[in-house]
Amino acid sequence: MFRALRFRFGIMFFLIFLAFFFDFMNGEFRWYHQTGICQEVDYQASTPSVTKCVSGQNLHTISKFEILFDLPTLMFVWGITFLGSYFKSGSLINKLERASHLSKDAGELAATVGAVLTFAGVFHEAAMAGAFRYIFYAYFVGHLTAIILITFANYLRSKEEDNTQIHNPTVPSSI
Numbered sequence: 045m046f047r048a049l050r051f052r053f054g055i056m057f058f059l060i061f062l063a064f065f066f067d068f069m070n071g072e073f074r075w076y077h078q079t080g081i082c083q084e085v086d087y088q089a090s091t092p093s094v095t096k097c098v099s100g101q102n103l104h105t106i107s108k109f110e111i112l113f114d115l116p117t118l119m120f121v122w123g124i125t126f127l128g129s130y131f132k133s134g135s136l137i138n139k140l141e142r143a144s145h146l147s148k149d150a151g152e153l154a155a156t157v158g159a160v161l162t163f164a165g166v167f168h169e170a171a172m173a174g175a176f177r178y179i180f181y182a183y184f185v186g187h188l189t190a191i192i193l194i195t196f197a198n199y200l201r202s203k204e205e206d207n208t209q210i211h212n213p214t215v216p217s218s219i
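Numbering (the working numbering), first residue to last: 45 to 219.
If you're looking for bench data, these hints aren't it; they were derived computationally from the structure.
The hints are all genuine.
Below 30 Å or equal to it, Euclidean Cα-Cα: the simulated DSBU-like pairs (lysine-lysine) are:
#1 Lys148 x Lys203
#2 Lys96 x Lys108
#3 Lys132 x Lys203
#4 Lys132 x Lys148
#5 Lys148 x Lys108
#6 Lys139 x Lys203
Throw the hints in and build the complete structure from the sequences for me.
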């Protein structure tokens, strides 16, 4: 039953995986990412897709998998999405469509909360770098959740339309 849906989700997550980990400019996978505040760039070693920072503050190389998982943001976006869209009665398809819209709003709200908290404090480059990471991660989680939910809704709607056509075939009128 969900075979076609699993295949579609597999392709979607594969495309996201490629977008995040594959460096199309150099034709190779990049599993690590340099973070911190760069003061000097090695332009000889840098490529258009990867900047090599030689000196700066709080320079770290982290796994890109670490960037993709932030538990507080996930709990915030998914919690608001669930609490704002789950009700016992009503059509599952309509609930999923409403949840899709709400997850985008929850991602935007999480991004806004992160921005307000960061930019209301002491202003410095390290805080800005962290803020933009959390802000855009919140958008990412909200929109990815919306895509997953609306894909489920579209799948269920197409199944519902197939069942309606089977039980109520329309007879073309002949003139």
